[in-house]
Each structure stands twice: as structure tokens, then as C-alpha cells.
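A.B. asks: Fit chains E and Z with the ligands to the supplied structure of chain D, relying on the hints for placement.
Chains D, E and Z, in that order, give the protein sequences.
In this text, residue positions in the first sequence follow the numbering used here: the first is -8, and each later residue adds one.
In this text, residue positions in the second sequence follow the numbering used here: the first is 397, and each later residue adds one.
In this text, residue positions in the third sequence follow the numbering used here: the first is 6, and each later residue adds one.
Treat the hints with caution; some may be incorrect.
[Stated by the list, open to error] PhoX-like cross-link-like pairs, simulated, lysine-lysine; straight-line CA separation at most 25 Å:
1. K402/E to K446/E
2. K59/Z to K708/E
3. K805/E to K761/E
4. K22/D to K585/E
5. K585/Z to K286/Z
6. K550/E to K431/E
7. K402/E to K649/E
8. K302/Z to K290/Z
9. K882/Z to K22/D
10. K302/Z to K585/Z
11. K286/Z to K302/Z
12. K585/E to K35/D
13. K35/D to K76/D
14. K777/Z to K493/Z
15. K137/Z to K761/E
16. K35/D to K22/D
17. K678/E to K649/E
18. K592/E to K59/Z
[Unchecked claim] Pairwise CB distance ranges (calculated):
19. K761/E to S15/Z: 45 to 51 Å
20. L533/E to F130/Z: 55 to 61 Å
21. K550/E to P120/D: 40 to 46 Å
22. S41/D to G179/Z: 17 to 23 Å
23. S41/D to K761/E: 44 to 50 Å
[As the list claims (entries may be wrong)] Covered by chain E, according to a simulated footprint, are these stretches of chain D (three or more residues, beta-carbon under 8 Å):
24. 81 to 90
25. 117 to 125
Don't read these hints as lab results, they were simulated from the structure.
All residues carry an ideal CB built from backbone N, CA and C; glycine is no exception.
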Amino acid sequence: MNIHTEKPDFEGLSPAEIQEINAEFSHYEDKTAVSIEALKIVQKHRGWVSDECLVAVAGLLDISTAQLEGVATFYNLIYRQPVGKTVIHYCNSVTCWMLGAEQVRERLCRHLNVELGEMSADGEYTILPIVCLGACDHAPVVMVGNELRQDISDDAVNEILRR
Amino acid sequence: MEQMAKPLTKNIRPDRAFATLADYESTGGYEGLRKAITQLQPKDVQQWVKDAGLRGRGGAGFSTGLKWSLVPMDAESFQTRYLVVNADEMEPGTFKDRLLLERDPHQLLEGIIIAAYAIQAHVAYIFLRGEYHLAALRLENALLEAGSKGYLGKNILDSGFNLEIILHTSAGRYICGEETALLNALEGKRANPRAKPPFPLVSGLWGKPTVINNVETLCNVPHILHYGIEWYRSLALGADQGTKLFGASGRVKNPGLWELPMGTPIREIIEEYAGGMRDGYKLRGFLPGGASTDFMLPEHLDVVMDFDAIAKAGSRMGTGTLIILDDLTCPVQMVLNLEEFFAQESCGWCTPCRDGLPWTVTLLKDIIAGQGRMEDLDALSGLTRMLGPGNTFCALAPGAMEPLQSALKYFREDFERYITGNNAVMESV
Amino acid sequence: MARIEIDGESYEVEDGDNLLSACLSLGLDLPYFCWHPAMGSAGACRQCAVIQYKDAEDSRGRLVMACMTPVTGSMRVSIAAEQAREFRSDNIELLMINHPHDCPVCEEGGECHLQDMTVMTGHTFRRYRGRKRTHNNQNLGPFINHEMNRCIACYRCVRFYGEYAGGHDLQVFGVHNNVYFGRFEDGALESEFSGNLVEVCPTGVFTDKTFSAHYSRKWDLQTAPSICVHCSLGCNIAPGERYGELRRVINRYNGDVNGYFLCDRGRFGYGFVNSPERIRKPLLKGHPEITAAMAEKHFHDVLKAAKATIGIGSPRASLEANFALRTLVGEENFFLGLDDTEHTLLETITGMMRNGGIHSPSLREVEQADAVLILGEDVTHSAPRLALSLRQAARNAAFALAGTMHIPLWQDASIRQIQSQARSPLFIASICATRLDDIATDTYQGGPEDIARLGFAIAHHLNHESPEPAGLGNAENSLAAAVAAGLKLAKRPLIVSGTSCSSLAVIQAAYNVAKALPGQNPQLTFTMPECNSLGLAIMGGKRLQQAFERMNENLADSVIILENDLYRRAPGPNVDLFLKTAAHAVVIDSLINATAEKAGLQLPAAAFAESEGTLVNNEGRAQRFFPVYPAPEPARGSWQWLTGALENFQWRHHDDLTAACAITFPALAAITGVSPGADYTIKGCKIPRQPHRYSGRTAMHSDINVREPGQPHDAETPFSFSMEGAMAQVPPGLLPVIWAPGWDSNQSINKFQEETGGHLRDGDAGVRLIEKSGSLEWFRDIPAAFKPQQEVWRIIRLPHIFGSEELSLHSPSIAERLSSSCLFMNPLDAGTLGVSAGEQVAIINLAGSPEDSARDEDELIDLEENSVLEIVAQIDKTLPRGLLVITAGLPEFQFINYWTQVTLKKIHQEGLS
Ligand SMILES: Cc1cc2nc3c(=O)[nH]c(=O)nc-3n(C[C@H](O)[C@H](O)[C@H](O)COP(=O)(O)O)c2cc1C
Ligand code: SF4
Ligand code: FES
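Only chain D is shown next, with the shape it has when bound in the complex (with noise of 0.2 Å):
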């Protein structure tokens, strides 16, 4: 016997994001290795991943959301807690790390006053550390949104929070 709501558990997800998830569907043996590229539809859509977001999301993809929370704290992209419009990753990977990646770090901080992880107060960026970014032989390197800087010195810390 169980209890069958007539509300669909998805609800709560755009038309949108409901469609690139279905569409990814094709794609693979079973509904459950789409997990992670839903997840990354709600937060290319929202920034991050909500309680209900997840709830609906499992949902759709007709697993626990235990299992695709299990799933979703695993990955270090998948946003839990809400994030600024632009998240700012710093490469601290080793060569980064020689090359002044703690001073792009301090620099990006002190100009936003934000710790690592918070929201700036305008809401526009978080900071974030992240492994090596594969441009070792441009380093410090930061990924800005999807965009990739490099070769990053003081002027180029300023130039990106200026924008």
C-alpha cells in the first residue's frame, strides 16, 4: 500500500531544466547517470542546488534522493549552498602554489572581504579553491566563471574584479 500524491515529485523544476535533463536521457543506459549532469543543468539555471531542487531532481530521474544527495556530495562542482553570480577558482595545485597562488588567493579575498566559499556582499562573486586547472606552465592560473586566466599577477586580480 503506499501512498501515491498526484503531484509529480519534480515539480519545482523549470520547463527548461526538466527539458535538457529528458534530453540527456538518450544518451546512456539508465536514468541514474544522468545524475550529475542534472545536478549541473539546475545550477547552470539557479548557480547552485537546493533541498528542493535535489528532491525534484530525484524525482525525475526516479532514484532516492538520498542516493543522488550521496551522489551530489561527492563532486567537488556541485554547488550545495548558494554561490555569487561569478565563482571565482583559484588553481593552489603545486605549481600554482609555488608561483603566488596564496597571494592571488589573499588579494582576491581582501578586495571582496570574503573567506573562502562566502558570498561577497553584492552577491557577484565567491571564491573558491580548486585542483590544478592544466595550465601549469601559465601559473597562478584562476578560472573565472567558465573562463580560464592565466599567468595572473596583481593588475590581472584587479582587472578581473573590476569587471
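C.D. replies: Leaving out everything else, chains E and Z with the ligands in the frame of chain D:
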């Protein structure tokens, strides 16, 4: 001819633009595919690649052709086989696959199609690191181009062979690069590695036979088919075959990435291509192939970049991208940075890795903070043994121990100075 | 078999087993965490390291994880090698980095696998100087505590809960050393098998919350081998007592029956034993101060004075108690005390089991079935532990495929990986969706007639001699063909049915399918409502309805009701009339209930934990339960009240009674062999119920009397109520507590098994009474399809794990998880009534309402008319039209008869105030 000597990067132009389909075709692109698919049987393609002596560029150096030939091809229960491209490049200090992905995507696609044909897979996944946004854009574009020219999709080049390539972008975890963890990630699960055996070749993606190859590995394939085995075997200088992307980062004058013959001496890479150390810095050591390889010393400069030569010198070729340690950077702090990375990227499945790496970090931090004890060094060496190959569930932790164990061997006095309090002020980094 | 060398000794081991399991089977000590005999290897904890040598010359060897290493002939390994010992000790050191030193306040303490393994590896010194990571805990509901700081991340919990038991709401979150095992948010664990986490977790993360409420250390508990009384499967349990109170129930390994696991009703249902609703003293109406002796005399007087006394037996009382009653009242006055339909069903089932020529499988055999058809049952609710076994059976195809791929069968994750390609056929035909549908090949929902018809059709497809239902729909027919095809291919097919649908046709269809199966090994199992349903049915007796008639006809004037609430068995007014007509009504029971309340004399019966007896489970296996502690005076075993009243008092002891029962009923002859009798000793000693470290005996009653009381004597069983006695050489099936040197936790069971996960040495407890013999004719009574009528619905009562069983209802933790008392209906039906989920409806036209039973005789007239129950409606889209489902056994539904035709009315908001 320059082009022939640098098959992997011949289309990569200094102006950061990327090779379009037309560019790619103009230098013989998709000819290898045409030959493979119209003139050769899948088994022949496997044999060509085996005979060419191509070894995996993802770090372990397994013979690519041999790997393909182990896929069960006839078993009736396995109608479905998969090819998966490992484009997760997340090992610190490694920056080779990104170049190939962003600047010459068709080269990879051609490699994929030939490989898929060789193992008769009809679906291939490119498992791309989530942060590689530009690469994703260019791959999407290249997939469309290739599809519209009949290199992809149904009945490729009228051969009757079908292939769909799906681009899957990850969500960031170093462990996803480990091939079995990658499969779990691709299935939308937590990326814990899987037990081997069964190997993915037998039971991989959704339990189907699956070949996983590195980006650079597959980029070699079209050229082998196009120019032949003999040509390929003539490229290298030493025991291994072909060319490889070698790089150097750190305080060298000219950090960068170069396609060079296998067997190129390390000295040549550091001193000629990378231009030697920056003024005011001396070479103290280097990791030859990314964060999970053992330190080597200046005395090893004449070792050549071959899998076995480097193994003999006590390290691993890994990804072939050198991380340079200069004399003003503290090796202990450098190792701490590496171990923090590995501890954070542990998947949390097996005990030694999950709990041993954070302890390693704590010990190193204590030592650097002046709170270390001499017995902590024993604890650290104990950990390097404990987290060694075979003792953990996958190769992440043993990789993590390589720089530490060699640092303890080569730079012991740096550790001890922190503990005894005789630490001359190091340049703060 | 393979010959291998371990530390220089040569051993024979099972070929292809993993080395860890092989070592444990040999009785060797090798620590482990993530491996579990029922769940195979995971390779996560790295605790089971040993050295494997290449050949006879190799002296260095290499470190391997025993659980991930297949045993092969002439392999050479070392457990004792220094390198391996050091690794295991270092590994524990790592596990202990974050583990709190809270053993003194941890409920796992004293039976903790982590403690055992820590001592075993010799890790004693802490080198880590940093801080420990901490976690928040969750409220996981009434059954389970959560203390995540103790977690050593062995992943057993999620592997059991999700993969083995099919639960969805317990997961692992986070990464690296910040992994968290819990739910998405606070809330009761949804799985019906959540209680096993208590035993599966090697440390104190998941502990028994009901035990916490009156906690005692393992070594301070008094324990005896027992049998779960909460369903018909007869899982073996080990209840523990302290201070006269039943403190907990844990699993007791039986290699044929429950293995390592129980369901939550079995584990947490014990609370009724301590309930305030227990009948603690005799009660004679109008004589408030009656003593036990007076009550007994009165009882004897009643019997003497009576013209004839009716005895009503019980499916939840032991064979012996029922037999004593039958002897006391005489065969002609003995009635089974079953619901009338259930009586028919149980009689039929008994006939099929005894003379049908089809094998009735144990749960171990169920797990080996390679194709299953479930006809009319949601086994998770009617026989929960069976559902867990069926879930494993569905994996057999994957195991077979793994064999062809050379994947060892203990390589758990690899086999789960190929599961999507190979799943053993499991077909489920039921009234509405069931908890096993997620692993079913195909499901079908319909009314009982339709389920039966599908069954008959399957049988016909298998064997054309079996009659064919007329006018079967195309969809049903092709489903039947598919099911038949699936079953036909199987080597060990299994048909599961039972009493849930209250349909004789369903049971007969199940028999036809089993009979129609080709091959030598068809198996047929039936679920039944209670712990001794089959035992009572084998004994046989007349119908409850006939007792009512007998009383009405004045052929008898008094009645003894044994452990039975008749209001659960028959329409209230009938019971009312019956009890009212009787000059004397005597109830012997442990809990007060509607019947006991009406009885003139209540005699306090010992609960299962305070008495002994034999029960026959649904397989036909007779098993003995023993008192864990003496029944609190003046309560005594029902059988003792009854034998005490016999003229010549011929059966002073339980063993005598068992023997007499065995003689009287040839079908029960084997019950004397179920367990050794009270005269059984080992080297002249009884088996102690208290462990050798039982503490406080001299002081535990010092608030009452400073002199240590003598230990109570047990004249009925081989056990003593003390810590003295034979510890060694106790047959494993009789062990009250599982405990071996160095192994304080339940994992010590491997010391008592023939091989890990196998049978107990000296045999598993219990004796099968029935082996297949004979053959029955095809059943040919095929019902017409169920046709929903306009505005008339049929009530269907379906069992629910939490709510349908009488005794566990009185357990506070179960009460918190009770199934909702609502009415389930099809959405279209709801639509025609304009009812949406959660709204109230009135059920009209019932055969009696709760008020009726309180009414006087004249008011009972016209009881058919306009009885009304107002109830919340819920929608179940899998429920066929025309059926209304309620939970069987919930007191508020007791008066609603099965298959009653009713009409419904929506109650408008205005009507509710
Ligand atoms: C922790 C870990 C991370 C890895 N990351 C990568 C990676 O990012 N890219 C890659 O190609 N191989 C990576 N590998 C190696 C792969 O497991 C695998 O060997 C490789 O993809 C096989 O391809 P190849 O034979 O073409 O080299 C990693 C291995 C380990 C143990
Ligand atoms: S909670 Fe228990 S069972 Fe689960 S991983 Fe932790 S220690 Fe193991
Ligand atoms: S029991 Fe072998 S690794 Fe856990």
C-alpha cells in the same frame, strides 16, 4: 619534415586558434580512419597499434593494442561494447591533454572512431573534466562537423560501421581519472573505484566490455594508421615508440609543453626547451610526470624519458609533465601541498587512503609548524610503506606516497631542520 | 576442494572461496570489517591483510587482502608474518584516529567487533596527536540510534541496507575522510529490515534504541534460545533479560531459516512482554482480591461443574499448550479459534503440504531459487524475512553469469554491476503494488479472483492437463505465457502464496502451478498469519463457528480460550453472543484484549520469553523456544494452567506433554527430537543462561533482601537460570549467547558454523515435520473474474508489517511506526466519489460496528443496517477498481469483515467539525 616529426601537434598553431575540420583534413586528417575502416578488419587495426608499440599515455604505459585485443569480441552475451576516453586530466602539474582537446579536437575524434572500430564499439563516451569548458565547446563543435561529413554516426564512410560519440562532462574529482572510478562516475554514481578483476575489458560500463584510453593515447592512433607502423617506430629515440607531449612547469625560464620523441633526455627538456632555471634559482629536483611520481635529482638529468628508464631511476614517467623544484622552495612544504591535494581527493573508500593521507597532512603540518618530533619521520615513512602499491584499493594513495617517500629520502635534512629548530629562514612561498 | 598452506600448516578448503572466508571457516583468527558472510567482499577496510607467497621458494611474499584473494590449490600464505601483522595493526591505528574513546558509554561495548579486532591486532598505542573529526547525528526513528562519530567507514551499513535489503533512504554522503552514513534528513528509516544495522555495524554507530531505554551490557543479560512469535517464518532469536524485564531481541543464527537477519517486527516487537497491558494476576469478575491458588481452584471447579467445556485453541500458542487444552476439553470440544476463511485456507494448505508432493523450501532454499512466482502476497508485510530472501534469489542469474565471466561469487560489487543484464525471473501478482516490485520481472495487480485466474492460466500454459480459466483477457493470457516460460526454464523454481488474499482459489491456483512445473525440484511455500498457524492446522480441530453453534445449541456451557482474542477472528456480535451465552468463560493469555475483558476468569499466561513450547513454522519446521527468565509469579505457562487442571495430572513436565502430543499426532511425531529434554546435561551440568561474566548477582536484589536468593530451578529445559554450568561443548543450536575467546561480538558465530555462512556445527535448530509425498488432483474450481460494481466496493484486508500482528501492536516502538488507519482506493473510484487523498469518507453497510459489541442483545438486531466508519481515504493507483484496502488486524478495523460489500460516501467539510 617538421610535420612528420610532430604528428600530434602539427596542427596546433601558436596563435591559440584551433584546427577546424578543414584545417585538420588539409594535413591528412581522417585518412587514417579511411584506411582503417575501408581496408582493415578490426583485428588488423588492433594488430597495427600493437605492432607500432604505442603505450598508454595516461600514466601506466600499458600497450594500447594489447589492451584492445583483450576485449571479448565474439562472446554472444556481449553485444554491447564501449569505448571511453579518459579526458579527466586532474593530476597536479599535468597540462597536456587540454592542449590536444582544445586545439585539435578532430585528431582525438579520429582516434576515437578508429579505436571504436577496432573493438567494435558503437557508443563512445568522452569523459571530460568539468573545468575544461573551452575544450567542451570545441569538442561539441567538432562532433557536429564530423557528423556532417560522415565521419561519425551511421554507416561511417560507407563502411557500415556506426558510432555515436557522447561528450560527458564531469563535476570535479581527481579520482574520476582512475579508470574504474571513472566508470562509476559515468554511471552517475559516487566515483569509488571498482575491484579488479574483473577488468573493465570484461565488465566495464554497465557491466559491458569497455576500453578506457587516455586522450593523448588515442591522438596517436590516426597517425599510426595513416603513416604506418614503420614510420611510427622511427619517431622515437629510445626503447619506447612514438612522440609524446613533454612539459615543464615551475621556476624555469620558459615553462611549456613540447612534442618530442620518446626517449628524449630530461636534461634536454629542462635546459633546452624550458630554457633552464630562472635567474637566481637552482634546480633542486623534479617530479618527472605529475604529482604522483617520485622526486628525481639533478644527478638524474641524463635519464631519458622512457617508461623503463625512468622506472630504473626510481620514479615513473607518469604523464611526462615535469614539475620543477627550485632551491628556494621548501620541499617539505611542497610535499605538504601535494599531500593536501591527495588527502582531499581520496574517495573515502579504503582505510589507508582515507585516514592515512589526512594523518600524513597533519604530521607534515606539525613538522612545518615546529611541533614535529623525530619519530614523526618514522611515522611518515611507515605511512609511505603502508599506503604502497597493492595495499590500498586503487593507485591513488600509492601515487600520493611517491613524492613523499622520495622527499624523505632526498630531502631528509629539510624535514629534520624543522624538527630540530635549526631551520634557516626559507623563502616564504 | 583445494589444499593450501597457511603458516606452514596444510588445510583443505573450498575451492574458489575467498581466503578470508576460508581462514575463518577453518577457525583461524583473521580480522576484517567490510567483509560480511552474507554480503561478500568489498575490499574497503584493508584489515584482512595476509602475506601470499609465489611458491615454495618465495620467502618475501606480497601483502594481499585475504577477502579479495581467491583460494587456489597449493597456495601458500601467512597470517602470522610480521609484515602482515604490522599492516593490520597500523590499519587499526588509522581507523582509530577518529574513533572516540567512548567505550564506557557506548552501547556496543562488550560486543563490539571493533574492540575485538583492535585487541586482536595488538594496536594499543596512540601516535596521532591531532583532533578527531566530529559529525552531527540524526534522529532515525523509534528503532535505531545514530552516533556517527564512532563510524569507521567500513560501508557495511549502506551495503546491507541499500544493496542487500533494497532500502533507498540510507546512503553515504561526502568524500575523503568526511564520509557520512545517514539519511537525507532526519526521520525514521524506511526499510523493514533497518534493525539489522545494529548487528551489521561493527561498532556503535547504529544501536538499538529500544534497548537503550533499558540498557544492559551483553554480559549482564540472561538469554535463552527462542523463536520469533511475530509471523509464521519462525526466525531464531536470542532475547535478553535483566531484572525481570525483556531488554532486547537479537538475531540467533540458523543456517536454514533466518541466517544473519531479522525483520524489524521481529526485532522490536518484543515490547509487548513488558507492556502495562500484560495480565499479571488472575482476575475473577466480582472477586477483586483473588489469589492464584483461589483462581486455580475456581478454574478447576468450573471445569468440574460444567456440562461440557469448549476449548478454543490458538495459532499463537505452542503445540503443547494447544494439545493440553484439547486433552482437557476432549477432542469433540476442541476448536481451532481461527477466522472461518483462514481455517479453510490453513486446512487446504496443510493438505497440500502433506499430500501434495511438492517440496516446501527453507529460507536458505528460497534464496537459491532461480525463478519465482508470487501469487497474491506482499511478502514484506505478510512474512517479512521471506522478502529479504526473495531479494537474494533474484540475484541468482547474475551469479550464474558471473560464473561464465570468471568473476568470483563473493566479489559483491562486480556481481551487482552485471545484475542489470541478468536477473532471475520474479513475477508478482498481487492486489496492489508490493515492496518487491522493484526487482520484479513483471507485476500484475488484480482482485483475488483475477490473481487466481492468472495462476490457473500459468499452470495451464505449463501443463495442459491443468484446467484453463475461461474468458481470460489477452493481456493476462500473454502474461501467463511469459511467466510460464520463465518458470519452465528454471532449475529450482519457487511458487509463493499464502493467506493474505483470503482466497482459496489463489492457493489452489498456486498449487496447480507448482504441480504443473516440469522437472524434479518445484517448490511451493505459503505464508500464514501466525507463529504456529501451521502447527495448529496440522493438529486439526473444528471451526470457531461450530463452537459458537455448540454453545448456542446449549451443548456446552463453558469455554476456555487459550491465547486468543476472538474479536480478531469473528464478527463482534457473534463473539459477544458466544461469551454472553457461556456460563463460564476462562481466558488464559498474556495480554489483556477484548475477549479477556469479557471473560469471567482471566489466568495470567507467561509470554514466549517466560515459557517453553514448540512452534511449527510455515515451512513445516518444528522449533522449540525456551524461557529466558522465569515467568513472574503468578503467571505461568499456559500449558501449566491447563495440565494442572487435568484429572490425573498426568503430565507434570513439558517434555511429557511434548511426548504425548507426538504420540497422539503421528504428523507431529518428530517434535520430541526438536531439542534435548530437561534431563539433558553436558558432563552433568545444565547449560547456563547467564554468561560467565554476568555481574551483580549477589547485589541485584539487595534493595529487597540483602541475602542472595537462590537461583530459580528450571525443571523443564536443559538450561539453568544461572551462570554456572557447561560452557564448552554446547551444541551451537542450543547456545543462548554466541561468544568465543577474542570474539565478543556477534561475528563470533563463525566459530560455530561448519563454514562461514553455512550450517551450524551439529546442525541447525529445528526439525522438518513434512517432506514431500503424495500428489493431489488438479484443482478445477476457477472463479469468474472480479467485476467492479457501480457504487459498491469490496473490502480487502491486507497485512502490514507494523499493525497487523496482535502482539507487536503492544510494543511502543512498533506503535510509533504503525501503518496508517486509512482506506486505500483506486484514483478513478475516488474520482467518481469526488474524493481526494486525505479526505474523509464514510463506509456504510458493514456487518457490525465497534459500538455494537457493547450493545445489549436487543440492540444487536438489525446490525447489518447502516453501520458507519468514518475514515481518511488515500489513493493507490495500483489498486484495482472496486476494491478498498484496509490494514488487517488494526483494532479499529477488527469488526470489518473480509470481502464485505460496502458503499461509500464522501464526508463534506461541513460535516466535519
Ligand atoms: C588516481 C588516478 C588518477 C588518474 N587520472 C587519470 C587521468 O586524469 N587521465 C588519464 O588518462 N588517466 C588517468 N589515470 C590512469 C587511468 O586509470 C588509466 O590507466 C588510463 O586512463 C588508461 O589509459 P591509457 O592506457 O591510454 O593510458 C589515473 C589513475 C589513477 C590511479
Ligand atoms: S556506520 Fe557502521 S557500518 Fe556504516 S560504515 Fe560506519 S562503521 Fe561501518
Ligand atoms: S575485510 Fe578484506 S578488505 Fe575489508
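A.B. asks: So, for every hint listed, does it hold in this structure?
C.D. replies: These are the hints, each one checked on the structure:
1. K402/E to K446/E: Satisfied, since the Cα-Cα distance of roughly 20 Å is no more than 25 Å.
2. K59/Z to K708/E: At roughly 24 Å apart (the allowed maximum being 25 Å), K708/E and K59/Z satisfy the hint.
3. K805/E to K761/E: holds (19 Å)
4. K22/D to K585/E: holds (11 Å)
5. K585/Z to K286/Z: holds (23 Å)
6. K550/E to K431/E: holds (18 Å)
7. K402/E to K649/E: holds (23 Å)
8. K302/Z to K290/Z: holds (15 Å)
9. K882/Z to K22/D: Holds, at roughly 23 Å.
10. K302/Z to K585/Z: holds (23 Å)
11. K286/Z to K302/Z: holds (15 Å)
12. K585/E to K35/D: Holds: K585/E and K35/D sit about 20 Å apart, inside 25 Å.
13. K35/D to K76/D: holds (11 Å)
14. K777/Z to K493/Z: The hint holds at about 20 Å.
15. K137/Z to K761/E: Status holds; Cα separation ~16 Å.
16. K35/D to K22/D: The given pair, whose Cα atoms are some 20 Å apart, holds under the 25 Å limit.
17. K678/E to K649/E: holds (12 Å)
18. K592/E to K59/Z: This hinted pair holds, its Cα atoms lying about 19 Å apart.
19. K761/E to S15/Z: 45 to 51 Å: holds (50 Å)
20. L533/E to F130/Z: 55 to 61 Å: Because 56 Å falls inside the window, the suggested range holds.
21. K550/E to P120/D: 40 to 46 Å: holds (45 Å)
22. S41/D to G179/Z: 17 to 23 Å: Roughly 18 Å apart at Cβ, these two residues keep to the hinted range, so it holds.
23. S41/D to K761/E: 44 to 50 Å: violated (35 Å)
24. 81 to 90: Held - the stretch 81 to 90 of chain D has 7 residues with a Cβ nearer than 8 Å to chain E, which meets the minimum of three.
25. 117 to 125: That given contact holds, which follows from 5 residues of the stretch 117 to 125 of chain D lying within Cβ reach (below 8 Å) of chain E.
Going down the numbered hints, you'll see the structure goes against just number 23.
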